[in-house]
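Student: Numbered according to mature numbering (1 follows the signal peptide of the UniProt record, and there is no 0), the sequence shown spans residues -22 to -1, 1 to 407.
Hints are computed from structural coordinates only; laboratory data are not their basis.
Be a bit skeptical, because a hint or two may be false.
Quick list of the computed label-pair ranges, beta carbon to beta carbon [unchecked claim]: (1) 218 <-> 34: 44 to 50 Å; (2) 345 <-> 406: 40 to 46 Å; (3) 391 <-> 342: 42 to 48 Å; (4) 217 <-> 146: 43 to 49 Å; (5) 227 <-> 16: 36 to 42 Å.
Pairs of lysine-lysine, DSSO-like flavour, derived with a Cα cap of 27 Å [claimed, not checked]: (6) 98 <-> 39; (7) 98 <-> 161; (8) 261 <-> 43; (9) 339 <-> 39; (10) 261 <-> 169.
All values derive from a computational prediction rather than experimental measurement.
We put the CB at the ideal spot given by N, CA and C, even for glycine.
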Amino acid sequence: MSSGKKMWSAALLATAVLAVTAACGSGGDGGGQTADGKIKLRFSYWGSDARQKMTEEAMKKFEAKNPNIDVEGEFSDFASYYETLSTKVAGSDAPDVISLEIRGLREYADRGTLADLTGKVNTADVDAKVLATGAIDSKQYAIPTGVNAFSLIVNKGLVEQAKATLPDDKTWTWEEYVELSNKITAGGGGKITGTQLSWNPAYLQIYAAQKGEPFYNGNKLGVSPQTITEWWGIMQNLIKGKGAPEAAKSAEIGATSIDQSLIGTNTGAMGMWWSNQLGAASKASGQQLDLLRMPKIKGATTGGMFTQPAMFYSASSKSEHAAEAAKFIDFMINDPEAGAIILSDRGLPASSKVLAAVRDKLPEADQKTLAFLEEAKGELTDPPAAPPKGASAMEEILTRYSEEVMFGRQTPEDAAQKFITEANASIAG
């Protein structure tokens, strides 16, 4: 989930909601049949060119094992994915198998778009708590592909180059994070910035948890205005001390992919991303990168970090090939050969058997991710349940108000109240 993602605007969300609603009474969707009589399954997903290549390889492996089925990939970048998907659903043209994030799950499930996969896919080797994130009202609408955690990626070489020292990430505080970032920039000779600002809701969720506040409380935000104001204060201190780029530059790079981020271009020593993105960041930078725990509020009893499915596979409730759609999902989740192709691109495999089968094949960056999650396992909180409808707009809303504060156009106190009002309206149900 990546992290650097552009989420739906409020207008686009409204369009998508209407689109999905309009589709509820539609006829059958899905792939139909090919000219030579084979069953055609359509599979929608987003991602990088590398993900497309490995996914197509996995699809061919499935076709070889199921000669009567052709799988047709419907691929796009993340920015256009949900707009395209909502248009297809509205036109009674939903793909048979649909990739979703946890933020968009309830949006589609509550409107009858998704099939109940209970008993249709083997989930015996998927952790029960992780699996539960794809269930709504006791129906398993989505199967987790793999797990990750929102964390800090660091280039230790650049930290050393700036003559700075990393603190112990088990105990470090936000004040130390700001101080370190400022020091890296000061020692970077104008070529290295300490860190990159992040406005991902997962970051605020972690910070709020350190204060004992849930991000969502039913169909409302559970985060207090004071907590949001303090959270923005960390970013203001980073800009003030030059530990992060000034507001305009931060807004510019915040809208880019991890390839174009400070960490990916070796112009920044730290950045906050999902753990499964360590591989992409390492490939982009060509340097050794590592994962760190998020800093803590002084005196916090929890670090607030949590595991979460990287994404889900779901099936259209209108598919004319429900059994074949479930069979494909089962293959992508449970087949070690599929796991050996996809590795940790969609999170470390949700199936414990697949993870055991591929762990020695994982690239170095993914080995680090696995080791990091295993080491921090006892500190990570349970995966959160699917958030309310409207949560897909949260990153766009939070980014907009964060930029207002960083540019000095609104005070943190005013922006916090306005953000809560707009966010609550979005998720009111």
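Student: What hint numbers does the structure not satisfy?
Tutor: When the structure is compared with the hints, numbers 4, 5, 7 and 8 turn out to be violated.
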